[in-house]
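Residue numbers (this note's numbering), protein chains in the order written: chain H, 1 to 338; chain R, 1 to 338; chain U, 1 to 338; chain X, 1 to 338.
For the record, the hints were derived by calculation from the structure and aren't laboratory data.
Among the hints, erroneous ones may be present.
It does not matter which identical chain is meant; a pair holds if it fits inside one copy or across any two.
[Stated by the list, open to error] Here are the simulated SDA-like pairs of lysine to any residue, each with C-alpha atoms no more than 25 Å apart in a straight line:
1. K288 / A110
2. K50 / M181
3. K288 / S29
4. K132 / Y176
5. K234 / E195
6. K234 / G138
7. K50 / E40
8. K224 / F183
9. K111 / S73
10. K111 / A277
11. K3 / G44
12. K197 / S269
13. K50 / P127
From a predicted model like this one, the values you see are computed outputs, not experimental measurements.
The residues making up each chain are set out below.
Number of protein chains: 4
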Amino acid sequence: MIKVGLTGMGYWGPNLARVINQHPGSEFSAACDLRPENLERITGQYPAVKGYSNFDEFLASDVEAVMIATPISTHYELAKRALLAGKHVFVEKPLAHSSALARDLTSIAAKQKKILFAGFTFIYSPPVIKVKELIDSGELGDLHYLSLSRVNLGLYQKDVDVVWDLAVHDISILLYWLGEMPFRGSSFGRACVQEAKRDVAFLWLEFPSGVVASNEVSWLSPQKMRRTCIVGSKRMVVYDDTEPVEKLKIYDRGVDFKLPSTFGEFQLSYRMGDMYAPHLENEEPLLKEMTHFLSSIETGTQPLTSGEFGTKVVEVLELLDRTAQAHQRAELDEVIAR
Amino acid sequence: MIKVGLTGMGYWGPNLARVINQHPGSEFSAACDLRPENLERITGQYPAVKGYSNFDEFLASDVEAVMIATPISTHYELAKRALLAGKHVFVEKPLAHSSALARDLTSIAAKQKKILFAGFTFIYSPPVIKVKELIDSGELGDLHYLSLSRVNLGLYQKDVDVVWDLAVHDISILLYWLGEMPFRGSSFGRACVQEAKRDVAFLWLEFPSGVVASNEVSWLSPQKMRRTCIVGSKRMVVYDDTEPVEKLKIYDRGVDFKLPSTFGEFQLSYRMGDMYAPHLENEEPLLKEMTHFLSSIETGTQPLTSGEFGTKVVEVLELLDRTAQAHQRAELDEVIAR
Amino acid sequence: MIKVGLTGMGYWGPNLARVINQHPGSEFSAACDLRPENLERITGQYPAVKGYSNFDEFLASDVEAVMIATPISTHYELAKRALLAGKHVFVEKPLAHSSALARDLTSIAAKQKKILFAGFTFIYSPPVIKVKELIDSGELGDLHYLSLSRVNLGLYQKDVDVVWDLAVHDISILLYWLGEMPFRGSSFGRACVQEAKRDVAFLWLEFPSGVVASNEVSWLSPQKMRRTCIVGSKRMVVYDDTEPVEKLKIYDRGVDFKLPSTFGEFQLSYRMGDMYAPHLENEEPLLKEMTHFLSSIETGTQPLTSGEFGTKVVEVLELLDRTAQAHQRAELDEVIAR
Amino acid sequence: MIKVGLTGMGYWGPNLARVINQHPGSEFSAACDLRPENLERITGQYPAVKGYSNFDEFLASDVEAVMIATPISTHYELAKRALLAGKHVFVEKPLAHSSALARDLTSIAAKQKKILFAGFTFIYSPPVIKVKELIDSGELGDLHYLSLSRVNLGLYQKDVDVVWDLAVHDISILLYWLGEMPFRGSSFGRACVQEAKRDVAFLWLEFPSGVVASNEVSWLSPQKMRRTCIVGSKRMVVYDDTEPVEKLKIYDRGVDFKLPSTFGEFQLSYRMGDMYAPHLENEEPLLKEMTHFLSSIETGTQPLTSGEFGTKVVEVLELLDRTAQAHQRAELDEVIAR
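Next up, chain H with everything else stripped away, as it sits in the complex (with noise of 0.2 Å):
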């Protein structure tokens, strides 16, 4: 048994503290918040945490390991302080505000010989590792393109853009899924309700195996999407995880192009065939996840979700903001004479 603490007792920092709580290898012994009610909340229903208001006395605890659900801006300043206290480290998604700062926590850790983990729970979820399974078989054939929605209405951030909070996640799930960096990428969007903050955004990624991927991103949508497509040579799937059974559908489907035959036109063949939803097992991503960071500890191996891999998602979501910022300057130049 691990003896964890957490800190940050917000919106998302009570599903990490009943995962310690519940997972048989880690014991929930110290929990750490400036504000005093969130602090009380955890500690009465988790009668044998330990409370802290601050950092520093809450390192100095017996944890062994320490995970953090602050506000991002954040994340390296505690996740830094943690390393050098000698403890493991959990950080949600994103690692840090900027890819230097996640570069440094990755080679802080490795100084250290601890453990950072970076929280993307998608990753451990059974239709994402299914769908990687299916890539990397061979079984979807070359993969054409990829195109992922999420949006729905809210919940509006304080600190980050829809980017920040909601394509983080797609773009995790396709560095997992393609296991390479993307070499350029494009984005659009608008801040609607508040100012300089987007609220939707349409972002394209280019990867050096030639596929290519699209994201649409939104907190302000009438209806929820969660929908994935991947389309592959041999076999298409659309991801849909807002259903609650068969979140997965695998076509046989696909277009197929001949070479002229001597006297002439090129051909294609269209594909039509079954579709199947693979039943897929219905453990809880977020304690799959505590697994995997907990054996990670114990075997001293790099998780998944290491630092690198964190540091890279980070990297591609400023790429995306360059982007955004490229085409600002690009207005005057483009209007069309009408």
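Please build the complex by placing chains R, U and X on the supplied structure of chain H, with the hints as guidance.
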């Protein structure tokens, strides 16, 4: 009764033939096609129709109006000859393969005092008309953004890519709804199955009023989608054309921004109200379009989908093509060091 | 090419006309209707067809087969006269308004050595055929029960109630799938809008093999449903005919009973496996039905939907009508004191 | 704050525990279960709760109200002892395993001047309440019929069949909505997996006002359905409890009967109007039910789901059981000669 002739009896032409024959205001009197088997099929089905394999002889008949459903690259030449022969002309979308040619057709029609009608059937469909009313009446409030998806498996076109084949519909709908031209656009996509001809594309458009739009089009998608989301400050609409009924859902949902109080933080309030699906009349869009074409001829007034309207749609297609090329050139500069 | 004549050009007749005309094995040569406007519409659309307003003159023509799409109460009389005139006969469902009359038609056809074909189009539709294969191959295991819903708003019939209009389809499908007659049935319903004619009904059937079936039919339902659930011990199937694709979903799900161990309690284990939607061919059922009618004539073999089959369907309808009356009589006895 | 005790910590009890603990009007002070492991789980999670393995000692504690979530066959005995010990009592549905016992409990509660509350949670859920309002306000017009489906795979109960487990919900909803008892019922079903205990059933009920209802319940269905269709003369409603939002859809649809004109035939007109999905509040039904239980205790007024109400539900279950037996006896008489 206006005597109407039809040229082009391939994939779409037979639908126009049915409507010319069925409409009480038109008399289907002549048909022209280079392929004898196409011509025979039509004259067999409509014995009163005279068949021509020569376009000049077809134009020399007593038809007053000519409907053109031939390949896009022939639109300009055939429409021009028909207008110069004194016929009213209906040209299937897009009007021509360049905006310069489309503009030329428009001015020829003006000089000849004949109607030039661009065949954008969706503009005559009940849900598209209803959304136009909702926008113009102010019921949706200020428009924030639109997201349009038009994807399915096939049907690959020989002469154009997926943008000219499918996005042309969405662009025509956008121009009709918004009543303004985009001042900037961008496109991104991939030619997955054939070389050089994109079968999947993601488009962005920005309009002077501030509204932005995204459009996803694909010939290579396992599920058919015809989904358009229109987000306004007062109401949001989802228009799903694959639904047999309830194609339009109007949501009383939104996020309202409240100015900060004297003590500080701004506040957002989420509005989660009722959904409402208006009953829409069942009339066939193609029949309504035909009625509008015939009444434009009779009254001598410009149709909704005039030559000018059709020219603007081609201008937007060209804008999107230019940005696709711009992206190609930018490739080396934007590579990210990893 | 078999010369085919058609009588009855009301709601359904024009569909048969189209198929007779379109099918390569039939020549549409004669049509008969009492209403001159119906007759003119058909002879106008199919100029090669000779029109008759007198049924005897129609039978005196050189047609070899007669298709009957007139009101149900006329089926027996017209079919009998056609058979006695030496024609093969196709009668729209149900075969006649009583099983005695249907049986009589069947024996007349046998004596005349002519084909009597009952027009149950669903028996020729790809999903219904596929389910038959799944049942017969044993892939579903032992059948437990079936639940069939066929509801929508309208179309009220003038001469029959909702059971004879809609349940007739489900009964024909059940008899085809199960290959056995129910030994008991029950029905329940209400005449909501008109007096005496039920517009909603719930039917139950029990079969000798043990399988039971429920059927809900309604002309008075806000949403259209065409949903059939087939529950077997090995597999379960949902057949939804309103789906444009994936009409059949086959589930590897079930509950297995394990005998009690020495220590006691029985155990149930739940099987939650994959779902699979086979691709189904796209051929039009009506066209397949026509092919089967024509090949029955040519080979002199009994069709799937023979006179005998059509008689059995009417027997089941009569059984259900009897139980509806039985219910009425039982009313007073079963009243519960409250 | 009312001191509340809970007995029965199996499948459902923990949900009641959570609500007793969470509700501001109740203090969770005692728990009773025969299985030590169940008891320890609850007292571990709620350290302030005192655990009892003896029901008499539990009743001797200072709890003012007792909530019972034990197997159905124990409801009567435990509720009676609790009432006689002077406690207010909440019994999970159904109130008892016979209407005579349920009636006895009701009169004991009356004599003891204690609240007897039958735990029908759906009666406190926002969509069920909204439909009640629609019916009572006359917005739906005269009710024609209701069709209710409640099917899924599992969960098989040990002590009751699917009617007593699932239909009990629908019967409680029907009695609440209609405010009248059925005067006749019928049931049909099959015990597919286990002997003698039905896992699928189809029920019919007829009410004095003329309205009829059908209810399909199954533990052996591949897809989960929680669908209720309410057909009135003015409006129709579909209540789908599996929908995450828009559980209620209200249709302005119907068929209107027009008296025959002087010239003859009656006419039906179809009304196809708008659909409307009211926004429903999000409050948890279990929490609302708890609030109602506590306020009934405080005010001394009968709850909506009183002992009398719970007795009526059991009466309907018994009526349906009787008709299932009646069917068995009728078997030989109704056999059809084939």
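Each hint, compared with the structure:
no. : hint        : verdict
1   : K288 / A110 : within (24 Å within a copy, 53 Å between copies)
2   : K50 / M181  : neither (42 Å within a copy, 57 Å between copies)
3   : K288 / S29  : within (20 Å within a copy, 35 Å between copies)
4   : K132 / Y176 : within (8 Å within a copy, 43 Å between copies)
5   : K234 / E195 : between (45 Å within a copy, 18 Å between copies)
6   : K234 / G138 : within (9 Å within a copy, 31 Å between copies)
7   : K50 / E40   : both (10 Å within a copy, 23 Å between copies)
8   : K224 / F183 : neither (30 Å within a copy, 30 Å between copies)
9   : K111 / S73  : within (23 Å within a copy, 65 Å between copies)
10  : K111 / A277 : neither (45 Å within a copy, 53 Å between copies)
11  : K3 / G44    : both (19 Å within a copy, 20 Å between copies)
12  : K197 / S269 : between (46 Å within a copy, 16 Å between copies)
13  : K50 / P127  : neither (37 Å within a copy, 43 Å between copies)
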